[in-house]
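Generate coordinates for the entire structure from the input sequences, incorporating the hints supplied.
Going down the list, the sequences are from chains A and B. Each residue of the first sequence is one higher than the one before, starting from 1 at the first, in my numbering. Each residue of the second sequence is one higher than the one before, starting from 1 at the first, in my numbering.
If you're looking for bench data, these hints aren't it; they were derived computationally from the structure. There may be inaccurate statements among the hints.
What the hints assert, rightly or not - The calculated lysine-lysine pairs, modelled on DSS-like cross-linking and capped at a C-alpha distance of 30 Å, are: (1) A:Lys348 x A:Lys171; (2) A:Lys317 x A:Lys348; (3) A:Lys191 x A:Lys569; (4) A:Lys317 x A:Lys171; (5) B:Lys152 x A:Lys662; (6) B:Lys156 x A:Lys662.
Owing to the predicted nature of the structure, the values given are computational and were not obtained by experimental measurement.
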Amino acid sequence: MNAHEPSEGLVGRSLLRREDEHLLRGRGRFLDDLPEPRHTLHLAFVMSPHAHARIVGIDASAALSLPGVVAVLTGDDFAPLIKPVTTLINHPSYRPTGRDPLARDKVRFVGEQVAVVLAETPYIAQDAIEQIVVDYDVLPGVSDAREATLDGAPQIHDNAPDNILMADEFKTADFDAVFAAADVVVEDEFKIGRIAGLSLEPRGCLAMCDHIPGAVTLYTSTQVPHLVRSALSVHLGISESLIRVVAPDLGGGFGIKSQIYPEEFIATALALKFRRPIKWVQDRREDLLTSVHARDHRYEAAIAATKDGVITALRVKMYSNAGAYSSFPFGCAMEVIGPRRYVPGPYKIQNSFFRTFGVCTNTAPTGAFRGVGAPGTYLVLEGLIDRLARRLNLDPLDVRLRNTIRPEEIPYTHAHGGQIDSGSYVPALDRARAMIDYDRFRAAQPADRLVNGRLRGIGICQFSEGSGFSTAAWRARGLVAVPGIASALIRIDQDGQILAHVSHTSSGQGHGTVFAQLVAERLGANYDDVTIVQSDTASVPYGSGTFASRGTITGGGAIIRAARELQEKLKRFAGFVLNVDASSIVLEGSRARRSDAPDVSVSFAEIGKVAYSFDPMGFPQGEQPGLEATAYYEPPMATIGNAIHIAIVSVGPEDGSTRIEKYVVVHDNGTTINPLLVDGQVQGATAQGIGGALMEEIVYDGEGQLLSGNLLDYLVPTALDIPDFDLAHMESPSPSTEGGFKGMGEGGVIGGLAAITNAVADALAGTGANVNCVPLRPSRIVEMMDTAK
Amino acid sequence: MTTSTKCEVTLSVNGTRYTRLIEPRYLLADFLRHELDLKGTHIGCEHGVCGACTVLIDGKTSRSCLHFAIAVQGSEVTTVEGLASETALHPIQEAFHQSHALQCGFCTPGFLMTAKEFLAENPDPTESEIRLALTNNICRCTGYANIVGAVKLAAKALREGNPANERA
Ligand code: FES
Ligand code: FES
Chain A
1 MNAHEPSEGL VGRSLLRRED EHLLRGRGRF LDDLPEPRHT LHLAFVMSPH AHARIVGIDA
61 SAALSLPGVV AVLTGDDFAP LIKPVTTLIN HPSYRPTGRD PLARDKVRFV GEQVAVVLAE
121 TPYIAQDAIE QIVVDYDVLP GVSDAREATL DGAPQIHDNA PDNILMADEF KTADFDAVFA
181 AADVVVEDEF KIGRIAGLSL EPRGCLAMCD HIPGAVTLYT STQVPHLVRS ALSVHLGISE
241 SLIRVVAPDL GGGFGIKSQI YPEEFIATAL ALKFRRPIKW VQDRREDLLT SVHARDHRYE
301 AAIAATKDGV ITALRVKMYS NAGAYSSFPF GCAMEVIGPR RYVPGPYKIQ NSFFRTFGVC
361 TNTAPTGAFR GVGAPGTYLV LEGLIDRLAR RLNLDPLDVR LRNTIRPEEI PYTHAHGGQI
421 DSGSYVPALD RARAMIDYDR FRAAQPADRL VNGRLRGIGI CQFSEGSGFS TAAWRARGLV
481 AVPGIASALI RIDQDGQILA HVSHTSSGQG HGTVFAQLVA ERLGANYDDV TIVQSDTASV
541 PYGSGTFASR GTITGGGAII RAARELQEKL KRFAGFVLNV DASSIVLEGS RARRSDAPDV
601 SVSFAEIGKV AYSFDPMGFP QGEQPGLEAT AYYEPPMATI GNAIHIAIVS VGPEDGSTRI
661 EKYVVVHDNG TTINPLLVDG QVQGATAQGI GGALMEEIVY DGEGQLLSGN LLDYLVPTAL
721 DIPDFDLAHM ESPSPSTEGG FKGMGEGGVI GGLAAITNAV ADALAGTGAN VNCVPLRPSR
781 IVEMMDTAK
Chain B
1 MTTSTKCEVT LSVNGTRYTR LIEPRYLLAD FLRHELDLKG THIGCEHGVC GACTVLIDGK
61 TSRSCLHFAI AVQGSEVTTV EGLASETALH PIQEAFHQSH ALQCGFCTPG FLMTAKEFLA
121 ENPDPTESEI RLALTNNICR CTGYANIVGA VKLAAKALRE GNPANERA
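This is the structure in structure tokens:
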């Protein structure tokens with residue numbers, strides 16, 4: 001964009017990204033691309049091949065004799081260096097599972113780290129790993145959450161005899177009576193496969209001592225640099241002020257990099273112990289073994305309704321597989337407490353009964369991945385609504401419409417207390433219906449069910465997307481150690497250039513562009529004068545970081561507040577220079593003008609000279625030097641966006657293949673800063689939802705052996721699997737947030753999963769197959785059809 | 001450290017000849033990244049599936065994580081750093097920018113190299129030909145639609161000899 005374009009109207013404009021050029025030239029700086037300091041030691045991990053075993057002994061003598069191997073350390077060596085990592089959740093049922101950075105007595109999942117090697121090169125480190133002999137006493141393991149709760153199942157942690165880490169119950173007062181009085185009840189069981197976040201860049205870190213005595217810097221592929229700093233401080237016993245955490249360019253995150261991992265503690269502790277830079281970069285197998293997984297839920301659920309299809313009550317029982325340990329810092333709280341807060345979302349269902357369990361098993365810990373508990377919960381709710389429609393012989397879209405919050409009912413308060421402050425539920429449904437020509441498809445369906453030997457179906461997912469959680473919203477989930485704040489520090493230098501430090505970390509969202517649009521608009525500056533700085537705790541004030549779609553809401557809120565304060569100061573200095581009162585100054589295009597005489601103006605650069613006392617005029621009496629402002633922002637409880645996805649698919653009855661023929665999305669995330677980038681987020685998230693619906697699955701055998709440890713076994717969508725999307729935006733700004741923003745990064749995953757699943761179910765409606773288990777790999781579809789025969 | 005087993009390898013990369021002493025097991029991807037400091041070639045799986053490490057070896061796309069550097073002795077290698085000039089992006093890069101075809105950008109160098117070979121062989125492809133060609137590479141961020149659009153736009157720009165400066 002050219003430098004003299006007016007600053008007005010920057011919000012809402014599809015500017016191309018300023019991040020692109022260096023990435024396109026191959027000049028991105030991801031963790032493994034950072035310059036390696038001299039004498040860097042390479043860290044590698046010995047991982048358990050067993051899901052559940054006692055460690056009897058570790059023999060590192062052969063490894064230590066290899067030239068270039070500097071040290072081998074085991075769990076006991078770290079005991080004095082790093083405290084066990086325990087996720088804090090404030091809930092009466094919760095049993096915390098402390099995790100040693102390296103397993104000490106027992107391993108609890110395949111891939112759990114038992115020893116580390118430090119070597120002069122990564123190749124030597126790998127050679128050494130293979131020379132370390134660990135003697136295990138193998139124990140029986142369990143990988144399925146429901147089985148893990150049965151009598152006689154292997155016990156994984158001493159303090160959780162039934163393997164239940166957390167159990168929650170929520171029931172509205174009238175539930176039993178309403179449920180019992182219903183005309184019709186539909187119920188089913190659902191199973192959602194385990195999936196991996198699979199950022200294309202695996203995780204890694206580089207730790208080194210600083211020039212300040214006792215200080216340490218950790219470069220790490222994280223979405224949450226400040227949370228990493230706090231966690232390092234607590235577990236290594238060093239003051240936060242001596243720790244600097246920097247996230248370089250991130251090759252995707254999607255939530256898995258919002259977790260804090262043992263490797264980050266270990267690399268930092270080793271840098272301090274050996275006083276040499278320590279570098280670790282995982283390979284894909286290590287990522288699939290040790291980065292948090294997600295989903296792996298089983299549901300037993302029911303809805304009750306009148307014979308006209310008015311839903312009166314919802315009952316959900318859910319087992320969430322937490323893996324071997326509560327991941328840090330979210331544990332299983334979001335899966336266990338989240339569902340009753342996500343739903344009924346767009347629907348006016350005032351009675352519900354939720355029983356949810358977080359269960360530990362001998363599998364990798366599960367944690368945050370785009371959508372967290374919402375994709376599963378909506379798969380169940382939207383799947384049940386379709387079943388209800390089939391039972392009552394009503395159209396599923398009409399049943400949704402009948403139960404959806406109408407414009408005149410907003411603001412609407414759910415039974416769990418959550419409030420919908422704005423939204424476009426019914427209008428979005430109508431729009432999506434028109435875009436995909438829903439009524440025509442339905443009218444033709446009886447005749448057109450089988451086209452070219454393939455069964456065709458249409459599927460809907462309507463949902464709301466909660467995001468931008470406040471501190472109170474995290475506390476409501478029991479998460480006492482997750483803050484809900486963000487910050488922005490905006491500084492104008494004496495040459496008029498603007499540097500905005502924002503406490504968010506981009507993993508591809510384009511913050512460098514959208515935040516600059518917002519800063520420029522709110523400050524009255526030229527877009528090209530603004531540079532965004534992120535992801536370095538040494539220069540950016542504290543913030544929770546980037547997860548749960550909070551970037552625009554909380555970072556945007558902080559920017560708006562800081563810009564407001566800085567504008568006041570700019571106006572005072574401009575008033576001094578132009579010899580008028582600050583109240584008659586307007587700011588635009590990086591200039592301050594007199595409102596009564598627009599030709600009389602002064603540039604931000606000239607104001608900068610005054611503010612930093614470089615100006616011959618001198619410095620205004622009583623004013624604070626400098627041109628900067630810092631603001632923190634704590635959002636309201638949560639923002640609630642809304643969306644609807646409708647997909648048309650065809651299914652091959654013989655081979656079980658699914659093809660997506662048409663896909664529409666209508667979504668509403670309130671005020672949109674850059675529609676082009678929002679579309680990109682929707683497309684990318686929906687592709688991940690489609691992946692979860694059709695192919696992605698981490699598979700363990702019953703005892704916890706991983707069967708999908710590479711990209712040939714863990715399938716993600718390619719360009720042939722994902723359709724072109726037909727997208728439409730609606731804008732219902734939130735009246736409760738600064739700027740009216742709502743989060744939108746995760747909705748596509750929610751919509752993609754249920755819309756595709758429901759479309760497949762619709763295609764198979766005549767066959768008797770019960771489509772209640774994802775992913776719908778071809779073999780599973782064939783199996784479902786065979787079972788029905 | 002063992003240096004005794006090292007051997008000499010000579011390659012031409014982006015038009016410059018390099019000779020280095022390396023272990024025979026050293027991967028081409030590591031050679032490019034760590035010996036030559038060409039960090040634009042990314043490693044996303046190291047087992048030949050994701051395509052992030054795609055480079056051109058004598059004009060043909062190849063996964064640099066699957067080759068030992070020594071095995072391509074004497075070849076001409078082109079990496080993402082060889083596409084643009086100091087002042088201007090290559091038309092394919094420009095088309096990716098115009099089409100918002102990258103988010104995190106980790107997969108992007110691989111897609112660019114795949115697109116370069118593909119468009120050289122098929123200057124006027126259909127959408128399904130583009131999609132098929134792109135199955136060699138995984139992108140976890142974009143959902144592909146914009147990458148497909150970018151390749152279309154790049155094809156047009158290359159055919160017309162223009163930089164891709166129109167929004168798709
Ligand atoms: S890194 Fe070579 S194909 Fe993935
Ligand atoms: S842009 Fe992130 S993997 Fe493609």
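Hint by hint, here is what the structure shows:
1. A:Lys348 x A:Lys171: holds, 16 Å
2. A:Lys317 x A:Lys348: Cα-Cα ~20 Å, so holds.
3. A:Lys191 x A:Lys569: violated, 57 Å
4. A:Lys317 x A:Lys171: holds, 12 Å
5. B:Lys152 x A:Lys662: Status holds; Cα separation ~20 Å.
6. B:Lys156 x A:Lys662: holds, 26 Å
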